[in-house]
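A.B. asks: Sequence:
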Amino acid sequence: MDSIFSLIGSYVAWDFKSLLLFTTVFILTADYIKNRRPANFPPGPRELPLVGNIFTVDHNRTHESLTQLAGKYGDVYSLRMGQTRMVVLNGFEVLKEALVNQGDSLVDRPDLPLQQDAAHGLGIIFSSGNLWKQQRRFALSTLRYFGFGKKSLEPVILDEFTHCAKDISSYKGKPFDPHLIINKAVSNIICSLVFGHRFKYVDEKFMKLMKWFDKALQIEGSIWAQLYNSFPLLMRRLPGPHQTFLHIWEDTKDFIRVELKEHKQKWDPSDLRDFIDRYLNEIQMSKGQADNTFDEENLVICVLDLFVAGSETTSTTLRWAFLYMAKYPEIQANVQAEIDRLIGQSRQPCMEDRANLPYTDAVIHEVQRMGNIVPLSLPHVTSRDIQLRGYTVPEGVTVIPNLTSVLFDKNEWETPVTFNPGHFLNAEGKFVKRAAFIPFSAGKRLCLGENLARMELFLFFTSFMQRFTFSMPAGVKPVMDYRFGVTLAPHRYEICAISR
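Numbered per the working numbering, the sequence shown finishes at 516, counting up by one with no gaps.
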């Protein structure tokens with residue numbers, strides 16, 4: 017009897033092993049057939065079954081990994097992340113050919129599960145098609161109406177600097193962490209445009225919002241986001257930082273909905289005070305139109321997008337600026353000398369001063385280049401087959417513009433890895449625009465907030481240099497390493513700001 021049970025057990029064990037073997041072979045074969053490299057597709061590193069190249073890339077320094085791979089596979093190469101094929105573009109000429117010359121074919125965003133679950137394809141940044149066109153057009157016209165990129169916005173920025181400078185002065189030259197202070201100052205400019213008011217720096221909800229953005233952008237650029245986008249059905253059910261990202265976005269939307277509710281209570285179509293008021297008016301005006309994309313949920317996501325695009329990148333650039341000025345005190349001294357000659361200490365800077373401050377302008381641009389704030393831009397997707405460098409990139413393929421490869425290209429910059437304001441100055445010391453300076457990307461998806469960011473960076477940086485001298489605490493050297501995410505941020509640091 018025992019021998020019979022033993023025989024049955026042996027049969028069952030072998031049957032299970034056969035089933036497991038068959039399942040494994042089936043899955044691997046199906047994966048191979050489904051993910052065969054298309055004809056004339058750009059080359060790339062060898063892929064692992066199921067996961068592709070997820071573990072080929074160092075996700076703590078993705079932009080550097082992708083730039084190094086270009087050295088082996090060329091300026092146009094491919095990766096497979098899970099079940100998604102993507103093409104990485106490297107070098108100024110390739111990015112220009114794709115994003116500008118063939119921009120109509122690359123204007124849409126891919127359907128990334130993490131973003132879809134957070135924003136449902138709404139808003140400005142990750143929307144596509146008619147929805148994106150309507151929302152971007154409305155956002156640009158509305159923000160321009162309220163002074164976006166115009167002289168009328170200067171007093172708002174300079175007034176915010178006054179609040180920020182008062183906060184910094186309270187430390188009386190002792191070490192402090194500039195992170196939240198700068199975030200709050202820059203974000204208040206967007207608050208003025210979108211909500212019609214600024215927040216006090218001690219407002220707890222406002223402080224939470226700043227911390228949320230920082231955390232969310234870090235997670236969004238991590239391997240957790242890549243795993244979520246590659247295996248959404250599994251990752252939706254697993255705990256991890258990806259769930260924190262989704263909770264942050266829900267909490268942020270709740271924050272915006274409170275503001276929206278207050279606006280609706282006071283809304284007057286004859287007195288449209290800010291972006292939300294004008295959007296509510298547009299909802300009313302667009303009712304009944306066949307292609308209408310204006311509703312309250314889209315409004316919430318648009319406001320969220322404006323916050324992220326208009327605050328985190330600029331504040332991060334300014335935090336890099338403080339570090340570079342502390343690291344290169346002679347450059348800081350040259351900036352201050354130029355400001356003292358032209359403006360002095362008796363008045364605040366204005367945008368008209370920029371043309372007469374070429375060295376200061378060059379330093380700001382070099383901070384943006386070296387800071388490399390959005391190293392991989394944001395992903396695009398092909399809406400039709402395109403040709404790039406002799407390769408065919410089929411419709412529906414995700415395209416990654418590697419801005420790092422342009423901003424640090426040895427063929428475009430004399431000293432690409434060295435902080436050198438001379439990159440933007442000619443022999444006579446006049447400011448020179450460089451075609452390869454594309455920190456805001458290029459083409460039809462060029463950053464919506466570029467004009468505002470340029471204005472904020474100039475006015476804030478010049479005001480800081482006029483008012484303070486920045487240095488590291490005694491015995492501390494500046495750490496120029498970054499923390500990777502959607503944005504490249506410096507590691508948290510403390511700095512001293514001595515009133516001049």
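Take the hints with a grain of salt, since some may be wrong.
What the hints assert, rightly or not - Calculated lysine-lysine pairs in the DSS-like style (CA-CA distance at most 25 Å, straight line):
1) Lys282 - Lys231
2) Lys231 - Lys216
3) Lys216 - Lys303
4) Lys190 - Lys227
To be verified - Pair ranges (Cβ atoms, derived):
5) Gly256 - Asp127: 40 to 48 Å
6) Asp127 - Leu174: 22 to 30 Å
7) Lys224 - Glu466: 37 to 45 Å
8) Asp74 - Pro255: 39 to 47 Å
9) Lys88 - Tyr161: 27 to 35 Å
None of these hints come from the bench; they were simulated from the model.
All values derive from a computational prediction rather than experimental measurement.
Even glycine gets a Cβ: it sits at the ideal position worked out from N, Cα and C.
A.B. asks: Give a verdict on every hint.
C.D. replies: For each hint, the structure was consulted:
{"no.": "1", "hint": "Lys282 - Lys231", "verdict": "violated, 33 Å"}
{"no.": "2", "hint": "Lys231 - Lys216", "verdict": "holds, 22 Å"}
{"no.": "3", "hint": "Lys216 - Lys303", "verdict": "violated, 37 Å"}
{"no.": "4", "hint": "Lys190 - Lys227", "verdict": "holds, 23 Å"}
{"no.": "5", "hint": "Gly256 - Asp127: 40 to 48 Å", "verdict": "violated, 21 Å"}
{"no.": "6", "hint": "Asp127 - Leu174: 22 to 30 Å", "verdict": "violated, 42 Å"}
{"no.": "7", "hint": "Lys224 - Glu466: 37 to 45 Å", "verdict": "violated, 28 Å"}
{"no.": "8", "hint": "Asp74 - Pro255: 39 to 47 Å", "verdict": "violated, 24 Å"}
{"no.": "9", "hint": "Lys88 - Tyr161: 27 to 35 Å", "verdict": "violated, 49 Å"}
Going through the hint list in order, the structure does not satisfy hints 1, 3, 5, 6, 7, 8, 9.
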